[in-house]
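The hints should help you fit chain B onto chain A, whose structure is shown.
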Amino acid sequence: MRASDGAGGADPDILNHSPRHIVITGGAGYIGQRLVAKALARGLRVTVLGRSPMAGEAAAGGRVRWRQWSLNDPVPADAFMGGGEFPPADAVVHLAHQWVSRAPEDADENLIALDRLLEATRRQGVRRFVYCSSVSAKPDALNRYGRVKWRNEQKLKVPAEIAARVGLVYGGPERGQWGLLCRLVRLGPVLPMVGAGRPVQPIHVDDACEGLLRLAGIADPSRAVFVLAAPDPVPFGRFLGMIAGQRFGRRLFVLPLPAAMGWAALAVAPANIGERICGLLGMTVSECRDDLAGFGLVLRNLRSGLVERAAARRRLLAEGRVLVQYLLGIRPSPALMRRYALGVLRHGNGCPLVLPLVTHRWPALLRLIEPAAGGSQPAEPEGLRERLDMATRLIEATPEGAAALYDHAGTGPVAAASAILLTVVGEIVLYPVRLILGGRFR
Amino acid sequence: MTEPDVIVVGGGPAGTAASWPLVARGIRVLMLDAGIASAAADPRPPLAALRRGGDDAWRHMLGKDLRGLRDVGDVSPKLRILAGEDFGEPYRALNRIFPEGIDVMGALAAGGLSNVWGAVSPAFDDDDLREWPITAADLASGYAAVADRIGLNGGDGDPRPESAYPLQPALPLSMKAERLLERYDRRRARLDIRLARSVNAVLSADKSGRSACNLDGGCMWGCPRGSIYNSAGEIPALASHPCFALAAGQLVERIEAAPAGFVVHAFDRGTGQSRTHTAKTVLLAAGAVASTRIVLDLLGRYGEDVPLATTPALAMAFCDPRALGQPLPDKGFGLAQLSLKVDLGGASSEYAYGELYDGAMLSAADLIRHMPLTHRGAMAVIRRLMPALMVGFVFFPSGFSRNIVRLERGNGTEPARLSVRGGYAPELSATARRARSRIAGDLGSVGLLYLPGSGRLYPPGAESHFGGTLAMGRALSAECEVVGANNLFVVDGAALPHLPAKPPTFTIMANASRVGTRLAERLRV
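In order, the protein sequence lines correspond to chains A and B.
Residues in the first sequence are numbered consecutively from 1, following the working numbering.
Residues in the second sequence are numbered consecutively from 443, following the working numbering.
Okay, chain A solo, but in the shape it has when bound:
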């Protein structure tokens, strides 16, 4: 009820039906592993239905148990039952999905598996079933994945059974589709890509898991389908560039290819890839602001979500060195570099800049690429200008910086006026260069 956390204040009634024992299918997958960990961290007991036993099952102190299941099998009889320290299951989150199927679409394994699961949960009276669907779910989706997800959604009966349409999941260990994207952006400085302009709605894997857990506990869902995705879509090509920049510190140029080439590629691509290309080409935007606000979920900022904190800190220390060397001409002390990194992590957006490699060797070159001032509000988030502002404040409070900024001896009016004039003339000469180069480094 208190709005002081700034997160919009969740309605407490929504959250007071938190499950105590949750069953997760696909618990070994990219999202599944995180979801299992989060559920355990919340103090829940978890039953994982999957093909192979969980690693670390023993380590979780008996709060997680595994039951053998694959999409083609009948559901194990005791999957949802209590036993030992486990109460009967009060929620199921169904993440398992098979991307490639040899069966005809009407007999897709994913359709059959859901029928089986629903039948079992309804028989057992499990209070809540959350089906992990996708923003691609549409009756006429270009890819089978989207069509199958949609057909499965139709089988759910509100209020016990609901679907979460999850957007493009990123972050965490490089597995699944996220791992695929990470490998893609590291192939080289230029990446030809179809569907570069298609809108994607990224969501951090931890935010997605948080959303799924909240849906598992939601008291009285008003509808069958909830969207867990970024409210503001990002063009796919730009998203790839952000992954390269924020996560790997590299510049990536995405070369947009016409959609026709994507269709042509389907003929030669493996089925898995083909499905994803179709999905991308058919992507539309799903409205989700109300859904997120409804259960008080505030998604983390995309830029910060892509950055890994430990790697970010290392890169920020290096960034601090470059900026201070540019401003003062001397290397900063380790303490000053640490203050810079800490300042950016705590009071900035924590995302390291992607500065051209030459500036790491010759920081003075930064003068050529400082963006020409826009005057008022920056359209982009924190960029080079803002970081230089921070660095200037930091050096102002050091002996070397203070010596550069504050003249306690005085040089007389003529020397001062000439120095100012000389600097201003130099800046005027530099201005056109900055206009051209600086625009790319805001």
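In short, the hints are calculated from the structure, not lab data.
Even for Gly, the Cβ is constructed at its ideal location relative to N, Cα and C.
Accuracy of the hints is not assured; some may be wrong.
[Said to hold, decoys possible] Here are the simulated distance ranges between beta carbons: (1) Ser653/B x Leu365/A: 46 to 52 Å; (2) Glu531/B x Arg314/A: 27 to 33 Å; (3) Glu746/B x Met81/A: 55 to 61 Å; (4) Thr713/B x Pro159/A: 57 to 63 Å; (5) Gly883/B x Val358/A: 44 to 50 Å; (6) Asp772/B x Ala310/A: 56 to 62 Å; (7) Val925/B x His408/A: 41 to 47 Å; (8) Ile428/A x Asp498/B: 36 to 42 Å; (9) Leu365/A x His940/B: 51 to 57 Å; (10) Gly712/B x Gly43/A: 27 to 33 Å; (11) Pro769/B x Arg314/A: 37 to 43 Å; (12) Gly43/A x Thr713/B: 21 to 27 Å.
Leaving out everything else, chain B in the frame of chain A:
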């Protein structure tokens, strides 16, 4: 304390000014303040020492937690370092204030915005008060009482309203400012602007346990000596009266009228629980925007657009060429040194009011970020320019603002929300440009050169002068009593019908003192 006679909501300058006359007559006052008692200000070395660098200079210049690195946008430089976690977003969140296109700054700390104010204290004359249902004579004893209690310095015999009140000797000006004033005095008949020493709520002589200003120049980084008036400093003196009690950490969310008086619903920030306080009479001084929300909620005025007055602010930078290349002074005064007034022409006698600061007492980094040069280039320029720099902030009367507040019901049991939309009158940019030219022209003719391109209009609310929402003569009586809610009074900026360009705090305090005095008489009868 048994049930108090009066609850005062807010321990800022207005609430404190209203409490004194009540307490002096033995009326039982309970002050509710959102601030939680916190540690005293860290002593800081003089600015000159900080500027020679020391290994620990960063702690004082940026804060232990480096909060001086925040991008707080276009606000007063003081807000960068002095505004802690209790300022800004937490204030807005707990007070359910949702701004759009306007900065609404507030503080949940003891002393409120007097922790970060510029302390310039002009008094309003009858012309300034022409839209008010009271006159300057009505405010005179309030002004005098406040001036006497908090200590103002300045004045030079110039016939200004504030010269009528007790003033301590003026603090010395910088050499640039002295020179400017001298040259101005010689040419004043030929100039449109009026220039004079500022009258500030800063002590030039020790008073009531606070030390006189020692010109250490670090005003922008806080005043641990207490020379700059901060209402938090008055609480111990008030608390020494047995009829006064302070309940700290109380954020008032709602006031309810009851048969026996008012029930004040507060959120206790210490325990996280709700608490209620009751009294027959309530004086609201929670800050103009917060008080407005509370009163509109009480009166059930939902969905109504209520105009909010602010004073649009313009920044200008100047250079005194004769001070170029001078050594940076070791001592100086970091708040406003000179005040200026310029008529805006047109039908009414509206004017713009400006304050000139010594640029040498500001943060070089703050100046650099506004220069259209590379950082390296700006550093080289600032080093030579700072001793010669003067920075001006010019305010325009509230007739040029076009802000609206609207109270919306909360969802379910959530409290009501106040949305605030900011804007300027279309004629402001032309007026501001003309005023800027006139000021630049006149000051240029007395040797202070305007730096072209340095003129910038701030977003609405950046100057934190708010008023007009519950004006005397409209929503309030001339005694500041809420129409439709007897015994509820509003004594902060919300009560002011109109804001001339002059900073209003001294006047708000004088009015609060007036209302407190009249109320005390009423209650004692």
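- Query: That 56 to 62 Å hint for Asp772/B and Ala310/A (C-beta), does it hold up?
  - Reply: This hint is violated: roughly 45 Å between Cβ atoms.
- Gly883/B paired with Val358/A, Cβ distance criterion 44 to 50 Å: holds (47 Å)
- State, for the Cβ atoms of Glu531/B and Arg314/A, whether the hinted interval 27 to 33 Å holds or is violated. holds (30 Å)
- Item | CB-CB spacing for Pro159/A and Thr713/B relative to the 57 to 63 Å hint | Violated, at about 37 Å.
- Task: Take a look at whether the Cβ-Cβ distance between Pro769/B and Arg314/A falls inside 37 to 43 Å.
- Result: With a Cβ separation near 42 Å, Pro769/B and Arg314/A satisfy 37 to 43 Å, so the hint holds.
- Task: Can you let me know if the beta-carbon spacing of Ser653/B and Leu365/A is within 46 to 52 Å?
- Result: Holds: the Cβ-Cβ distance is about 50 Å, inside 46 to 52 Å.
- Task: Hint says 51 to 57 Å; check whether the CB-CB distance for Leu365/A and His940/B agrees.
- Result: holds (55 Å)
- Query: Per the hint of 36 to 42 Å, is the separation of the Cβ atoms of Ile428/A and Asp498/B within bounds?
  - Reply: Given about 39 Å between the Cβ atoms, the range holds.
- Query: For the pair Glu746/B and Met81/A, does the Cβ-Cβ distance stay inside 55 to 61 Å?
  - Reply: Distance hint for Glu746/B, Met81/A holds at roughly 59 Å.
- Does the Cβ-Cβ separation between Val925/B and His408/A fall within 41 to 47 Å? This hint is violated: roughly 60 Å between Cβ atoms.
- At the C-beta level, are Gly712/B and Gly43/A separated by a distance inside 27 to 33 Å? Once the Cβ atoms are compared, 29 Å apart, the range 27 to 33 Å for Gly43/A and Gly712/B holds.
- Taking the CB of Gly43/A and the CB of Thr713/B, does the distance hold inside 21 to 27 Å? holds (26 Å)
The structure fails to meet hints 4, 6 and 7 from the earlier list, while all remaining hints are met.
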